[in-house]
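Given chain V, put chain C in place with the hints provided.
From first to last, the protein sequence lines stand for chains V and C.
Numbering-wise (full-length UniProt numbering), the first sequence opens with residue 1 and increments by one.
Numbering-wise (full-length UniProt numbering), the second sequence opens with residue 1 and increments by one.
A hint or two may mislead.
Claimed, not checked - As a list, the in silico BS3-like pairs of lysine-lysine whose alpha-carbon atoms are at most 27 angstroms apart:
1. K104(C) with K42(V)
2. K105(C) with K164(C)
3. K145(C) with K81(V)
4. K2(V) with K164(C)
5. K9(C) with K27(V)
6. K81(V) with K27(V)
7. K10(V) with K201(C)
8. K42(V) with K2(V)
9. K318(C) with K42(V)
10. K173(C) with K78(V)
11. K201(C) with K2(V)
12. K164(C) with K202(C)
13. K164(C) with K78(V)
14. K164(C) with K145(C)
15. K2(V) with K78(V)
16. K230(C) with K105(C)
17. K6(C) with K27(V)
18. K81(V) with K104(C)
19. K42(V) with K9(C)
20. K10(V) with K27(V)
21. K164(C) with K201(C)
22. K6(C) with K42(V)
23. K78(V) with K145(C)
24. K78(V) with K27(V)
25. K318(C) with K71(C)
26. K42(V) with K10(V)
27. K173(C) with K201(C)
28. K230(C) with K104(C)
29. K145(C) with K173(C)
30. K105(C) with K201(C)
31. K164(C) with K81(V)
32. K42(V) with K164(C)
33. K9(C) with K145(C)
34. K145(C) with K105(C)
35. K42(V) with K27(V)
Hints in this document: simulated from the structure, not taken from any laboratory.
Every value quoted in this text rests on a predicted model; they were computed, and no experiment measured them.
Each chain, letter by letter, is given below.
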Amino acid sequence: MKEHDDVLQKILEILAVTLPEGGPEIKADLDLIDDLGLDSMKVLEILESLEDSFDISIPMNVMPGVRTANDLARELQKIIKSE
Amino acid sequence: MAIFDKFQKLAVVREELERHHGRFLNIVMEDIRSATEAVIDGKPVILAGTNNYLGLTFNDACIQASCQAVKKEGTGTTGSRMANGTLSGHVALEQELSDFLDRKKTIVFSTGYVANLAILSTLVGPGEVILLDGDCHASIYDGCKLGGAEVIRFRHNNPADLEKRLQRLAERKTNILIVVEGIYSMMGDRAPLAEIVVLKKKYGVNLIVDEAHSLGVLGENGRGLAEEAKVEEDVDFVIGTFSKSLGAIGGFCSSNHPELDLVRYASRPYVFTASSASSAIASTRAALQVIRSQPELRTQLWDNARNLHRRLQDLGYKVGSEPSPIIAIRYDNIDEAYAIWNGLLERSIYVNMVLPPATPDGGVLLRCSLSAAHSPQQVEKIADAFASLSKNQD
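In isolation and in its complexed conformation, chain V is listed as follows (with noise of 0.2 angstroms):
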């Protein structure tokens, strides 16, 4: 099962090759909306791409919790243990 920080690294990732260059540094306790400017449609890309890269397909139903990359890792991780 993957560990917490495994998760968060690959978000991490994902956003870094997702949001333009030189915008605010890539931190995982940042808001993905108001302070990294993500729109919905760069968080359903994301999501996408973490779909593809643990296998897993991720409920909308999780989202409205989610603020910040460190809560989609938790949210991410129980999903993959769930699956």
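Frame of chain V; chain C shown alone:
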């Protein structure tokens, strides 16, 4: 924080739009002269963005039926379908839709939006799963949100991606509902329904097709994509709207499940809203008769769609590969799209401009929709207006 502070970002975007693309925010149809003509900013324009696929908003029989109903039964029902809001017309329309679609049961709702809200929030709940195409309409997303089911998107029109997700759910032993659309509202493309039906049967799950943009448009009898793809028996639920090819307002769900009627008692969007006015029900009934008796309208619609699609393709506009009554041109940024949209309006042509997040991939769309009521000359005028602006195309 004041109550409106959370809209600050939206206010900034709106101000920006007002400053640079103000006309887009302030379109008012000052006069509607026919199914294809209106007056905007004091000038007559050809309407090429109304979803009025068969042009029935000005059909004589529909108008007459609507006028008679309003005189006979008044302007509104002032009540829910569960109380005083079920009139004989609602019941008759449900039966006529069942006959038309060759299904056992139909429920009529107040709008197409409410139909999706009602069905998706009620048919499946906690512990069950909805698998929806990523490009589905907002009403489908909102219906999913209102219910308690787990909601999983699959990549648009991608049966392989859908199957991957079905495989992951195989151990779950729960009810799964796939949701797709007949024709997708933004890009005008169709669901690969035959392939999706293969998966539905292989995994023993349920399937809803929202035929909002394909009813009256596809199929030998106008029953939509399921009829065209010859898979009607494998579609469990058909959702539709009266506000497009039927030229009024309202929505429905039809099914061969005899238990569909139970939704009436379990669905809050059905119970807690007023029913459609008799005038809308009456014109919809008349429009359904027109769809059944005048297949030539579909032929005319498709001739118009193919003609405009060919002209735009020849001009170098980035349109989808297949002709469709919805023809969308994608731009990377709003300035490019607005220049064409405004140029078209200057040339007396109205099309829709659609901004993200309402567009599938974050681009800006100029979206044309054709009508059987467009004359060949009007289609030529629409194409000529695009031609006069085409020097900017790659």
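Hints, verified against the model:
| no. | hint | in the structure |
| --- | --- | --- |
| 1 | K104(C) with K42(V) | violated, 43 angstroms |
| 2 | K105(C) with K164(C) | violated, 33 angstroms |
| 3 | K145(C) with K81(V) | holds, 24 angstroms |
| 4 | K2(V) with K164(C) | holds, 21 angstroms |
| 5 | K9(C) with K27(V) | holds, 23 angstroms |
| 6 | K81(V) with K27(V) | holds, 25 angstroms |
| 7 | K10(V) with K201(C) | violated, 36 angstroms |
| 8 | K42(V) with K2(V) | holds, 24 angstroms |
| 9 | K318(C) with K42(V) | holds, 23 angstroms |
| 10 | K173(C) with K78(V) | holds, 19 angstroms |
| 11 | K201(C) with K2(V) | violated, 34 angstroms |
| 12 | K164(C) with K202(C) | holds, 13 angstroms |
| 13 | K164(C) with K78(V) | holds, 19 angstroms |
| 14 | K164(C) with K145(C) | holds, 23 angstroms |
| 15 | K2(V) with K78(V) | holds, 10 angstroms |
| 16 | K230(C) with K105(C) | holds, 20 angstroms |
| 17 | K6(C) with K27(V) | holds, 24 angstroms |
| 18 | K81(V) with K104(C) | violated, 43 angstroms |
| 19 | K42(V) with K9(C) | holds, 17 angstroms |
| 20 | K10(V) with K27(V) | holds, 13 angstroms |
| 21 | K164(C) with K201(C) | holds, 15 angstroms |
| 22 | K6(C) with K42(V) | holds, 21 angstroms |
| 23 | K78(V) with K145(C) | holds, 21 angstroms |
| 24 | K78(V) with K27(V) | holds, 21 angstroms |
| 25 | K318(C) with K71(C) | violated, 48 angstroms |
| 26 | K42(V) with K10(V) | holds, 16 angstroms |
| 27 | K173(C) with K201(C) | holds, 15 angstroms |
| 28 | K230(C) with K104(C) | holds, 18 angstroms |
| 29 | K145(C) with K173(C) | holds, 22 angstroms |
| 30 | K105(C) with K201(C) | holds, 22 angstroms |
| 31 | K164(C) with K81(V) | holds, 18 angstroms |
| 32 | K42(V) with K164(C) | holds, 22 angstroms |
| 33 | K9(C) with K145(C) | holds, 24 angstroms |
| 34 | K145(C) with K105(C) | holds, 25 angstroms |
| 35 | K42(V) with K27(V) | holds, 17 angstroms |
Violation of the numbered hints given earlier is confined to hints 1, 2, 7, 11, 18, 25; the remaining hints are satisfied by the structure.
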